[in-house]
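Peer 1: Sequence:
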Amino acid sequence: MGYCERCERECDGLTCPVCGGALLQEVDPEAMPPEEGGRSFSIHHPDEVPWPLGPDGEPEEAVRLSNLADFPSVQTVVQARFQAAGIPLLTRYPEGGGLGKVYLGFSGYGVDLYVPKSRESEARALLLHDE
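The sequence shown begins at 1 in UniProt numbering and counts up one residue at a time.
Warning: the hint list may mix true and false statements.
Computed cross-link-like contacts, SDA-like style, restricted to lysine to any residue with a CA-CA straight-line distance of at most 25 Å [as the list claims (entries may be wrong)]:
hint, residue 1, residue 2
1, Lys117, Leu90
2, Lys117, Asp70
3, Lys117, Thr91
4, Lys117, Ala84
5, Lys117, His129
6, Lys117, Pro94
7, Lys117, Gly57
8, Lys117, Val77
9, Lys117, Leu53
10, Lys117, Leu24
11, Lys117, Val78
12, Lys117, Gln25
13, Lys117, Trp51
14, Lys117, Ile87
15, Lys117, Glu61
16, Lys117, Ala85
17, Lys117, Glu60
18, Lys117, Pro52
19, Lys117, Ala80
20, Lys117, Val63
21, Lys117, Ser66
22, Lys117, Arg92
23, Lys117, Arg64
24, Lys117, Gln83
Using C-beta positions, here's what the derived DEER-type ranges look like [what the hints assert, rightly or not]:
hint, residue 1, residue 2, range
25, Leu24, Ser121, 49 to 59 Å
26, Ser73, Ala125, 16 to 26 Å
27, Val77, Gly54, 45 to 55 Å
28, Phe71, Ala125, 49 to 59 Å
29, Thr76, Leu24, 41 to 51 Å
30, Gly86, Gly2, 56 to 66 Å
31, Gly86, Ser66, 12 to 22 Å
Think of the hints as simulated: they come from the structure by calculation, not from any bench. No residue lacks a Cβ here, since even glycine has one placed at the ideal position from N, Cα and C.
Construct the entire structure; sequences and hints are all you get.
Peer 2: As structure tokens, then:
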């Protein structure tokens, strides 16, 4: 069963028998393929600290370091510390956090921090270091 927006009626088939327009078809959410990893987007500023390359010339694997509250003051301090230490940092807004960031200015899901695998222990120590 389809729906014609122009005639505002339900009809069988793919086109409306009255106006000939395409009918909107019902979408079963259960039949849709699952999203991989949720909706998110990542930010890495290559002009700050370049991401290291592995022996094969490909970018090194990123490992999740932590999830922080998405407040500009927190992110600024963390990014400054990592930049001063020469550790590249990738931020990713998990789930629908990127949308919240656009609409509200912050993500309710926080922000995930990723670093190169070779710098993980150094980054953890820097993140946990409290002065």
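Peer 1: Hint numbers the structure violates, sorted upward?
Peer 2: 10, 12, 27 and 28
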